[in-house]
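Undergrad: Now for the letters of each chain:
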Amino acid sequence: MSEVNVRFNLFVTATIEHEYENCSTPTNAEVIITQELIDKILKMHKAMTSVDSYGIISFDNSPLWFIEDEPDNPGNSNKTAFIGEVEPISLRVFEECLFWEGDIINEGYKEASVETNYIDICDVIEINEILNSPKEDLPLWVEKVKSEKGKEVLEWRLQNE
Amino acid sequence: MQIKYHLNVETFNLESSDTPTAAEVIITPELMAKILLYASTLHGISANKICAFDNSPQWLEENYDEAEDPDHTTPEELTNDFIPFTGRVNTIELSVRKESFLWTGYLNNSGATFETDSISVQELLEVKELLNMPKEDLPTQIEKVKSEKGKEVIEWRLQNE
Chain A
5 MSEVNVRFNL FVTATIEHEY ENCSTPTNAE VIITQELIDK ILKMHKAMTS VDSYGIISFD
65 NSPLWFIEDE PDNPGNSNKT AFIGEVEPIS LRVFEECLFW EGDIINEGYK EASVETNYID
125 ICDVIEINEI LNSPKEDLPL WVEKVKSEKG KEVLEWRLQN E
Chain B
2 MQIKYHLNVE TFNLESSDTP TAAEVIITPE LMAKILLYAS TLHGISANKI CAFDNSPQWL
62 EENYDEAEDP DHTTPEELTN DFIPFTGRVN TIELSVRKES FLWTGYLNNS GATFETDSIS
122 VQELLEVKEL LNMPKEDLPT QIEKVKSEKG KEVIEWRLQN E
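Quick mapping for you: the protein sequence lines, in order, are chains A and B. Note that my numbering gives residue 136 to position 132 of the first sequence, counting from 1, and the numbers run on in steps of one. Note that my numbering gives residue 93 to position 92 of the second sequence, counting from 1, and the numbers run on in steps of one.
Please note: incorrect hints may appear among the correct ones.
[As the list claims (entries may be wrong)] List time: in silico EDC-like cross-link candidates among lysine to aspartate or glutamate, alpha-carbon distance up to 20 Å:
| hint | chain 1 | residue 1 | chain 2 | residue 2 |
| --- | --- | --- | --- | --- |
| 1 | B | 129 | B | 156 |
| 2 | B | 50 | A | 119 |
| 3 | A | 114 | B | 62 |
| 4 | B | 50 | A | 107 |
| 5 | B | 145 | B | 124 |
| 6 | B | 50 | A | 43 |
| 7 | A | 114 | B | 116 |
| 8 | B | 50 | A | 56 |
| 9 | B | 50 | A | 100 |
[Claimed, not checked] Anything over 12 Å on all C-beta distances counts as not near chain B; from chain A, calculated:
| hint | residue |
| --- | --- |
| 10 | 11 |
| 11 | 70 |
| 12 | 122 |
| 13 | 129 |
| 14 | 135 |
| 15 | 151 |
| 16 | 160 |
These aren't lab readings, by the way, just hints derived from the structure by calculation. It should be emphasised that the depicted structure is a prediction, and the values quoted were computed from it without experimental measurement. Here a beta-carbon is modelled for each residue, glycine too, at the ideal position from N, C-alpha and C.
Just chain A, with the same shape it has in the complex (with noise of 0.2 Å):
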């Protein structure tokens, strides 16, 4: 297994409570996909689609949150670590993409929900199978390798293995 951090930089999406307006709530969110959290995305989307249902959930706290200057521009802009409280945090594994969402809780109280963008369950999948192709058949990759990720992990492997 390759020691490469796949990082994900998300946005984020927040739905505040009315009484809530002035609430805080991160932009963006870092998850580093590593390949534990991969078998376990995998196993969710295996056992989700071998029964017949559209969506499984699961707690987990990969995700750190944050508040960029310019959320749109996530790496190029100032950075903060988002301090509210984010829970309880589910990794919602779909047929074609998975998201984690959250509740910012405020003493006690939920003041709004926050939720990642979709990351499509095809790059996880292809991520996965360039993490544990032999070495010596990641040139075959290069050609046939679709997602960015998927690409930077490939660069990763071949510059560094």
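Chain B: place on chain A using the hints.
TA: For chain B alone, coordinates are given in the frame of chain A:
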């Protein structure tokens, strides 16, 4: 025998009372098999909920006399007369956890979300076992049965088979 549940309904995201207050669900053998399959699937993986579209609930509202009770202040527990809910319920989601399951409905164009009471998976397993048990074994279960629905099944089968 029909396995029928009358469930209370709790509404979220809406102050108006114009939402269902109860639901009736008939657990067909197919639905029972689906719910038990979902619950057992969750035991095998690190997830806590499986969702599926399911239109089994009939949503109900209290049949109260508007002339006598214009503000509809009669406590719910004093009325036991329900009629089909006339609003249009959009998506109905069956959520199955390891220990229990419930249905969630969404009211078109209002943002209202409502949930039925949950039913115990253990109870459903007991009901299934009692439904499939040879009739001659039922008397031995009278002392052991834990759920009200299980008692109903025994009573019905002993009287009607």
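Undergrad: Each of the hints needs a verdict: does it hold here or not?
TA: Hint check:
1. 129(B) with 156(B): holds (15 Å)
2. 50(B) with 119(A): holds (18 Å)
3. 114(A) with 62(B): violated (28 Å)
4. 50(B) with 107(A): Holds, at about 17 Å.
5. 145(B) with 124(B): Holds, at about 13 Å.
6. 50(B) with 43(A): holds (18 Å)
7. 114(A) with 116(B): holds (18 Å)
8. 50(B) with 56(A): holds (14 Å)
9. 50(B) with 100(A): holds (18 Å)
10. 11: Correct as stated: the minimum Cβ-Cβ distance to chain B is 22 Å, above 12 Å.
11. 70: holds (26 Å)
12. 122: holds (16 Å)
13. 129: The claim holds: residue 129(A) sits with its nearest Cβ about 17 Å from chain B, beyond 12 Å.
14. 135: holds (20 Å)
15. 151: Given a closest Cβ separation of 24 Å, the condition holds.
16. 160: holds (27 Å)
Violated hints amount to a single one, hint 3; each of the other numbered hints is respected by the structure.
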